[in-house]
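Visitor: As a plain string of letters, each chain reads:
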Amino acid sequence: MYKLLKANLFKLKKDITFWAFLVITVVVAMFTVGRYNAENVTMDKILNEYVMYIGFFIAFLVSLFIGREYADGVMRNKIIVGHKRSDIYLSNLIICIFIGILMELVYVIIALIFGINKFENVQMSVYDIGLTVVKTVLVIIMYCSIYSFITMLYSNATISMIICIILFLVMYFCGANVLLTLHAKEYYTSTYIDEQGVEHITNIEPNPNYPSKLKRNVAKFIDAILPINRSLEISNLENGNMYVSFVFPILIIYVINMGGIKLFKYKDLK
Amino acid sequence: MEYILETNNLEKKYKNFKAISNFNMHLEKGAIYGLIGKNGAGKTTFIRIICGLQKPTKGTYKIYNVLNNNKNIINVRKRIGAIVETPSIYLDMTAIDNLKEQCKIIGLPGINEIEEILKLVGLSETGNKKAKNFSLGMRQRLGIAIALIGHPDLLILDEPINGLDPEGIVELRELILKLNIEKGITFLISSHYLDELSKIATHYGFVSNGTIIKEISSAKLQNECKIKTQISVSNVKECVKYLEKMKMSYDVASENIINIYGKVNISDLAVNLSSQNCIINEFQEKEETLESYYINLMGGNKNV
Chain A
1434 MYKLLKANLF KLKKDITFWA FLVITVVVAM FTVGRYNAEN VTMDKILNEY
1484 VMYIGFFIAF LVSLFIGREY ADGVMRNKII VGHKRSDIYL SNLIICIFIG
1534 ILMELVYVII ALIFGINKFE NVQMSVYDIG LTVVKTVLVI IMYCSIYSFI
1584 TMLYSNATIS MIICIILFLV MYFCGANVLL TLHAKEYYTS TYIDEQGVEH
1634 ITNIEPNPNY PSKLKRNVAK FIDAILPINR SLEISNLENG NMYVSFVFPI
1684 LIIYVINMGG IKLFKYKDLK
Chain B
3 MEYILETNNL EKKYKNFKAI SNFNMHLEKG AIYGLIGKNG AGKTTFIRII
53 CGLQKPTKGT YKIYNVLNNN KNIINVRKRI GAIVETPSIY LDMTAIDNLK
103 EQCKIIGLPG INEIEEILKL VGLSETGNKK AKNFSLGMRQ RLGIAIALIG
153 HPDLLILDEP INGLDPEGIV ELRELILKLN IEKGITFLIS SHYLDELSKI
203 ATHYGFVSNG TIIKEISSAK LQNECKIKTQ ISVSNVKECV KYLEKMKMSY
253 DVASENIINI YGKVNISDLA VNLSSQNCII NEFQEKEETL ESYYINLMGG
303 NKNV
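Here the protein sequences line up with chains A and B, keeping their order. With this note's numbering applied, the first sequence covers 1434 to 1703. With this note's numbering applied, the second sequence covers 3 to 306.
Among the hints, a few may not be true.
Unchecked claim - Okay, derived cross-link-like pairs now, PhoX-like style, lysine-lysine, Cα gap no bigger than 25 Å in a straight line:
1) K132(B) x K1439(A)
2) K1517(A) x K60(B)
3) K1517(A) x K1698(A)
4) K1695(A) x K15(B)
5) K1700(A) x K64(B)
Claimed, not checked - Covered stretches of chain B, going by a simulated chain A footprint (3 or more residues, C-beta under 8 Å):
6) 46-57
7) 82-95
8) 98-106
For the record, the hints were derived by calculation from the structure and aren't laboratory data. Glycine included, every Cβ here is placed at the ideal spot set by N, Cα and C.
Just need the whole structure built from these sequences, with the hints factored in.
Guide: And the structure:
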C-alpha cells in the first residue's frame, strides 16, 4: 500500500491537470474574496464558500486521475506485479482524498491572505471551527468515495468522467429540491403592520402544497445522504444534526468503499 | 520437466460465451513460447488470466508451482513482467518518469537500474520527450522496459509486433533474443505473425476456439516442417524397397505418391529407380512453412 501511495504521489506531481486545478482554486479564492461586500459577510462565510463547489472539481480530478490509469493501461502494471486489488483501490481513494483536502486548504490559505484585511475576523468559536473542519473533511471523503467507486468500476475514463459530473449536477438539483421540500411552510399567514410598526396576523391558511409526512421523511433521508447538502450546511454556517453531519457520512463512506473494494476484486480487467 | 507455468483445463466464460475452455499449456524455464492463434482464439483472455487481470471460471493454473487460488500467487507474480495488448505507459510522462513510477510501484530505488534498462531497450537518448510523442516501436520498447523493472524471470508479451514497422520488428526480435540468452528470461509471446514468431520461438502452442490444440517444440516442428520431395511413381513397392535400402526418410502418401524428406538427388534417384522398373512420372519439391503447418493443423484455409 505504501509503495502504491508513493507511486501515486509521484504521478500526481507530474500531473498537469492537478496543477491546473490548483491554479483554478487560487483564482476561485481570489474571486470569492473580491465578490463579497465586507459589510454583509464575515470571514467565516468566505472560508466555507469553496466547499459548495469542491464536489464539482473533485468529480473532474478523481475521474481524470483514476480514469487515466485505465486509459493508459497502467492499472494492469499494478496487478501484474502482485499488488492486492483492495490496496490499489484504497491507495487511489487516499490520493483522491489528499487532492480534495489539498484543494480546500489552498483555497482557505489564499482566501485568508487576500481576505484578512477586507472582512471581519472569523466569528466561530474554536470548537465550531473544529467541527466545521471535520465536517468538511467528511464531505470531501464522501465525494471522493462516490467518484472513486464509479471510476474504479467503470473502466472508460471519458464516460466515467461524464457520469461523475452529471451525478454532481443531479445531486445539486436534488439537494436543492429536498431543501425546498423540507423548508416548505405548513401555513401561509397574511400580516399587516400598524402605524406603530407592530406586525399583526390577519389570516392563517394551510399550504395546499405542503408535503405529506411520507414525502418529508423521504426528503429528510435524501437530505441526510447527499454530500451536497452537507456542503450547503457548512457553507451556510448552519449547525446540523450530529447524526446527519457526522454519523451518516461515516456510514455512507464505509458502505460505498466496502462495496467498491468487493466489486473491484471481482472485476474483469482488460 | 520443470514448468514455470502450466494450466489445467482452464476455462473463462463471459455470460454464455466460452472464451477459453480445456486450455492446457506448459511453459518450460528458459523457453520462448509462441502462442499462435487467429484473432479471437482466446490468446489474450488466457494472458489476462495468467496476469491476474481476470479470474478463470473453471480450471487452475500454476506459476512457479504455486496454484492460482493459493494466497502466495501474489508474491509469485512479482517475478512476472507483461505487456497485455498495448504497452501500459503514462503517455504524458517521459520514458525515465514511466520507469521511476514503475520502480515506486514495485518498491525499488531504481536509478541505476533505470539507466541500464533504458540502454538495453535503446531508449536512453529520449530525454524529455514524452511517451505520447514516441513511435509505436518506441512505446513497445518502453512497455518492455517497464515490464523488465524488478528483474522478472518470465516476460509475457501479447501481440508485441502489432503495428510495428519492419525495422521495429527486427529491433524487438533482437531484444527478445538478447534478454532470453543474456538474462535467461523465459518468454510467452502471443502472435498471429507466424513467420516472425518462427524466428525466435523455441516452443509453440497452437490455439483454436479457446483451446490449445497442439504444443510442440521448435525442434520437433522443424522436423515436421522439413523439406520434402513428393514423387509420383509407377511402382510404389520397388520405390519403397530402394528408399529403405538407402535409409531415406519417407512416407507413402497414396497409391503412387511418396514423400521423401531431406535432400534428394533426383537424377540419381530416377536412374536407380528406373533400373528397378520404377519410373518417376512427376516430382515436386515442397517446404512446409510454419504457416502451412498451422493451416493444416487448423484443418485448412477455411478454418483459419
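Visitor: Count the residues of the stretch 98-106 of chain B with a beta-carbon closer than 8 Å to any beta-carbon of chain A: does the count reach three?
Guide: This one holds; 5 residues, not fewer than the three required, reach chain A with a Cβ under 8 Å.
Visitor: Quickly compare the C-alpha distance for K1517(A) and K1698(A) to 25 Å and report which way the hint goes.
Guide: 9 Å, holds
Visitor: Is the hinted pair K1700(A) and K64(B) satisfied, with a Cα-Cα distance of at most 25 Å?
Guide: Answer holds: K1700(A) to K64(B) is near 21 Å, not above 25 Å.
Visitor: Count the residues of the stretch 82-95 of chain B whose CB lies closer than 8 Å to any CB of chain A, then report whether that count reaches three.
Guide: holds (count 13)
Visitor: Against the 25 Å threshold, does the CA-CA distance of K132(B) and K1439(A) hold or violate the hint?
Guide: 21 Å, holds
Visitor: Cut-off 8 Å, C-beta pairs, minimum 3 residues; does the coverage of the stretch 46-57 of chain B by chain A stand?
Guide: It holds, with 6 qualifying residues against the three required.
Visitor: K1695(A) and K15(B): Cα distance at most 25 Å?
Guide: Between K1695(A) and K15(B) the Cα gap is close to 20 Å, so the pair holds against 25 Å.
Visitor: Is K1517(A) within 25 Å of K60(B), Cα to Cα?
Guide: 22 Å, holds
Violated hints are absent here; each numbered hint is respected by the structure.
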